[in-house]
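Trainee: Here are the chains, one letter per residue:
4 protein chains.
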Amino acid sequence: MTHKIAILGASGYTGAELVRLIATHPGLEIAALSANSKAGQTMAQAFPHLRHLDLPTLVTIDEIDFSGIDLCFCALPHKTSQEVIAALPTDLKIVDLSADFRLRDPDAYEKWYGNAHAAVEMQKEAVYGLTEFYRDAIRGARLVAGTGCNAATGQYILRPLIQAGVIDLDEIILDLKCGVSGAGRSLKENLLHAELSEGYHAYALGGTHRHLGEFDQEFSEIAGRDVRIQFTPHLIPANRGILATGYVKGEAKAVYETLFNTYADEPFIEVLPYGEGPSTRHVRGSNFCHIGVVADRIDGRAIVVAALDNLCKGSSGQALQNANLMLGIDETTGLMLAPVFP
Amino acid sequence: MTHKIAILGASGYTGAELVRLIATHPGLEIAALSANSKAGQTMAQAFPHLRHLDLPTLVTIDEIDFSGIDLCFCALPHKTSQEVIAALPTDLKIVDLSADFRLRDPDAYEKWYGNAHAAVEMQKEAVYGLTEFYRDAIRGARLVAGTGCNAATGQYILRPLIQAGVIDLDEIILDLKCGVSGAGRSLKENLLHAELSEGYHAYALGGTHRHLGEFDQEFSEIAGRDVRIQFTPHLIPANRGILATGYVKGEAKAVYETLFNTYADEPFIEVLPYGEGPSTRHVRGSNFCHIGVVADRIDGRAIVVAALDNLCKGSSGQALQNANLMLGIDETTGLMLAPVFP
Amino acid sequence: MTHKIAILGASGYTGAELVRLIATHPGLEIAALSANSKAGQTMAQAFPHLRHLDLPTLVTIDEIDFSGIDLCFCALPHKTSQEVIAALPTDLKIVDLSADFRLRDPDAYEKWYGNAHAAVEMQKEAVYGLTEFYRDAIRGARLVAGTGCNAATGQYILRPLIQAGVIDLDEIILDLKCGVSGAGRSLKENLLHAELSEGYHAYALGGTHRHLGEFDQEFSEIAGRDVRIQFTPHLIPANRGILATGYVKGEAKAVYETLFNTYADEPFIEVLPYGEGPSTRHVRGSNFCHIGVVADRIDGRAIVVAALDNLCKGSSGQALQNANLMLGIDETTGLMLAPVFP
Amino acid sequence: MTHKIAILGASGYTGAELVRLIATHPGLEIAALSANSKAGQTMAQAFPHLRHLDLPTLVTIDEIDFSGIDLCFCALPHKTSQEVIAALPTDLKIVDLSADFRLRDPDAYEKWYGNAHAAVEMQKEAVYGLTEFYRDAIRGARLVAGTGCNAATGQYILRPLIQAGVIDLDEIILDLKCGVSGAGRSLKENLLHAELSEGYHAYALGGTHRHLGEFDQEFSEIAGRDVRIQFTPHLIPANRGILATGYVKGEAKAVYETLFNTYADEPFIEVLPYGEGPSTRHVRGSNFCHIGVVADRIDGRAIVVAALDNLCKGSSGQALQNANLMLGIDETTGLMLAPVFP
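Respectively, the protein sequence lines represent chains Y, R, W and A. Quick note: the first sequence uses the numbering used here, first residue -14, plus one each step. Quick note: the second sequence uses the numbering used here, first residue -14, plus one each step. Quick note: the third sequence uses the numbering used here, first residue -14, plus one each step. Quick note: the fourth sequence uses the numbering used here, first residue -14, plus one each step.
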């Protein structure tokens, strides 16, 4: 049986990544692709690497007949996404890749994103899309909110430790290094090759990155108390990849065992042998996340490192994993592609 | 039905690329992996990006029992390859990725590679692995010699034109730009990141690159006369990719039509709309080859450009495509992965 | 004695490169910097790498008092440049880095740039800025037109050969590979890091690149007849660098001797030992140009390769070299910086 | 007056960087260059980017007559360096770029480097080369030990804070991101372009990096008590650059003021406006270090970030700065080159 899907915002990187993944998925058929600014173009014009595929032409959202669509991926900018989704048929299954439905609290949303939410009721209905921790809810959900790519990476290493109570909740530092594609296909001077390719820097310094809203929401809920971490992202001259280096206070062995046990049966999360660290190059183009744990030379402190591909496991791969669950398809379908190295 | 395969030289880049491709191939099972210098290691140690796969441990070639193997990929250095292959069971199907069986003439081999060939009889038996042009012979072959990655790229644009007689045979220039992985995983100063990453240069200047042996052999045979092209490769700071820019004398429209018609039914060769050029970024990680044709401002001259991924279509993807044919499997199986962009 | 200079268009890459070079020049003082869209900002805001320098704040052109300025560099977009320069004091020495005064023939200008020239008289007055070949005229010039960066590279290898009559004028092919910074600091999708960094392609295929106007003008004048070359540029994922591979028909030894003798006394042009090729990495950040000559395996054909840094010798370094001449300063002042490698 | 200098180990990256810097230094003359494995080659063969310079041929150390040398730079591997230096004339001024004389305590040396020190007396004599903090001692020193590049970067942000007592000494985390050239010109698989260029990872996890020996020595001495920080370096796909992100507990404003005041008169250390962060791209190819301070969202915590070029300010630039002091030359001579961007 084949399910028909639509992708809104198909001319961005997460849209293209969805198409790439779905291209070898046996149970999904791409029935509609929207891209308002490039409507009328073929997907081969927007993304020549997909030219071998037989795909619908890019249209505006208005032109799509949703009656035959089983599930819709929304890869639109935040704020736009909530407006579009609010106007979609109310029985349509939706996987949203934007930030719009990640935060359950309207005030938190407004604090981090600067505007009042336009679909507060749907905000409550949405299920947070971190598959490994919301799997059952996602299976029954109508609207799933894909996590932030940085937020996913950080949670993979920190959630189990907070849950298990093996680390000090007031002393968590997350130093994150992310690739360029996370910023999307937007025309900004600081994203030009000539600006970026030979240097790197920290940004959103001091705890101002929006993905902190997700950390605060999720970690506090797990802990049953307010948890606020320190989080500094850095922009690295590589297209894909997130490497999150977590500094925690706790016994490294307990930290390792907690993570190892949590992910023992997970198809996409690989906990490396104790003492080894992961690399973004070894998950590139794939839905895998590699995690490593090392004891610091100072007793009682551990370093936990996670690597994933921001466009895949951090975004479109996660979205497809969730869509599989929502449609009753085996969760790993279309997602077992091996990383591309070198 | 599943066919058992072995990969000799699995710790190099083409070996790893074979494993990546075969990982999602429904009809092949990897039964043995050899890597003499890393024997005893797991594949995850040699290539951590493959750690999610359940693979045999790396062994020496001597340790492999070939009796249960249906087909063997040899991803060994040239010269070593001919010695190893000469000692393998004579009924074993073999796809060789080295240079050892590409040239049918022992003198030509010695001229380009500097040593006398150690398996002259097998040299005669081997079928040249450029799938689109040797498909029928490959189906029945026992030993297939994978083409050079540069040689494949150049032939995709030039073979049909020579065959059709639409270009001047004495005035062919091929200016080629190749990525770094083509040089393999070898410890050479000029392959270090710090040496390579911010510059580029021509090498093997003046017609000294070994892949010219293949061009000479194939083009002369097609033309029924001696054909010698000019060929200059350049090393570009990108890991994957070959871009071949061909300068030919002939009518651009005839050139275009010849190429368009030649590849009209080919699953992996895409001829772009007339006047457009390809990019290596749009075939990266895939088995596709994109070809473009443009008329020069000087009448009677055309520029023909091809782009492919040296590790995939230029080497391991081609090898798998040939193995599929040799095993009676649909030729495209395991090879329809979309390129990874960005 | 110190000369006061102004730089118009200081917020672009060639403007910043001028400031970098002039920073260690003992005879020049930067008296004014303009950047219309960033007027009011400090140079440290536009280019933080220059923050250690004591520089004038960016202003609009109107705000500059040119009465105390000895020489003005114009690093503005073409078309804008001719309008601005036409309005400057008529006794002000000017080095223009745009395309506006490179072509002496108004029709040729309109053909390649698509608009009628707005300062036809000045077009006649301007001296073409290829220092090594127009040195005497530049010394006495009021207005010097900096060459195109690709045009400079190609001319360094081809001019002496055309002049000396050692190559076939009807069979010249120039395959050029240029870095990203040549496209400037402009917000275009195809210049984003995520788009560019892992691939490369040919552009302006078929003889449509504007720098052909310069080749046609200069080569035809030298030859005393119409000369039209084939020219294909390629965009390479590196920030700085141009590598020009020239395919010519002529005796390689004669080609080599012609180039060697032409540049024997030039401070910035290095002809490598016969048979060696240059690399962009070895001229990066400097005003040097390296040239190599190799005989092809086909008798009577040679390959000539030149490498330079597009922002320096191809643009701002050349501009400073010319300014030195115009101001009676030693030509190499401020320009002997060694390349930065790795 | 010109001082004659020798560079031992001139065929490595720090040797080449010394030559690059000294090339425009008016007071130094390169009298001898050694490179045991490349003895007999010209510097242009080892480093073609220096071919425009008139330099002595590479020789073995034994071939050098040190009687006319005023100062010798040793850019040799650690362990070799101490053996070579122990055999040099005892009145020769020496700037050592290796790790051999950084640690004053022979036990600490053996702990971090694994071998007993072969020149314990000289170890005591050596002055630690962090110019801004050992300036007076360096002026009178005979043997100066260049700091580790990571160690220098970390100390620039942490020394003043420890000295001033404005941060908690038991809660210092240094997350560092360094470029590839820091690993030198060594033939290691993990330094190949194909391995490195598209990914990044943490290494020496858990406090095992040797530069911790320097941090321990210096910070403990300043504090008058044992200070041990957490330190995790990451390898980033860029050739030059170190970005050190320090997580400290203390009032951000006090942290900022301490750093601002400490470096107010330093020619090479630039403290950015409060709240801004530095980037490695803005110090590339230069001797500058940029420092930024930001308050975290959690009260009482600050993030301090430093950027410098590992080959220049982190190694060869620092060495030249120290040599200038030892020779009575103005400290900034030859070092005011502006960064190269883009």
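Incorrect hints may appear among the rest.
Same chains, same names: a pair is fine if it fits in one copy or spans any two.
[To be verified] Subject to a maximum C-alpha distance of 16 Å in a straight line, what follows is the list of computed EDC-like cross-link-like pairs (lysine to aspartate or glutamate): (1) K109 / D92; (2) K23 / E174; (3) K234 / D284; (4) K234 / D155; (5) K234 / E68; (6) K238 / E261; (7) K96 / D50; (8) K109 / E316; (9) K234 / E95; (10) K234 / E156.
No wet-lab data here; the hints were simulated from the structure. The model shown is predicted, which means the values in this text are computed figures rather than measured ones.
Trainee: Does each hint fit the structure? Answer for all of them.
Mentor: Against the structure, the hints:
no.	hint	result
1	K109 / D92	within (12 Å within a copy, 62 Å between copies)
2	K23 / E174	between (22 Å within a copy, 13 Å between copies)
3	K234 / D284	within (9 Å within a copy, 19 Å between copies)
4	K234 / D155	both (9 Å within a copy, 13 Å between copies)
5	K234 / E68	neither (42 Å within a copy, 42 Å between copies)
6	K238 / E261	within (13 Å within a copy, 38 Å between copies)
7	K96 / D50	neither (35 Å within a copy, 48 Å between copies)
8	K109 / E316	neither (25 Å within a copy, 50 Å between copies)
9	K234 / E95	neither (32 Å within a copy, 30 Å between copies)
10	K234 / E156	both (7 Å within a copy, 11 Å between copies)
Hint violations for this structure: numbers 5, 7, 8, 9, all remaining hints satisfied.
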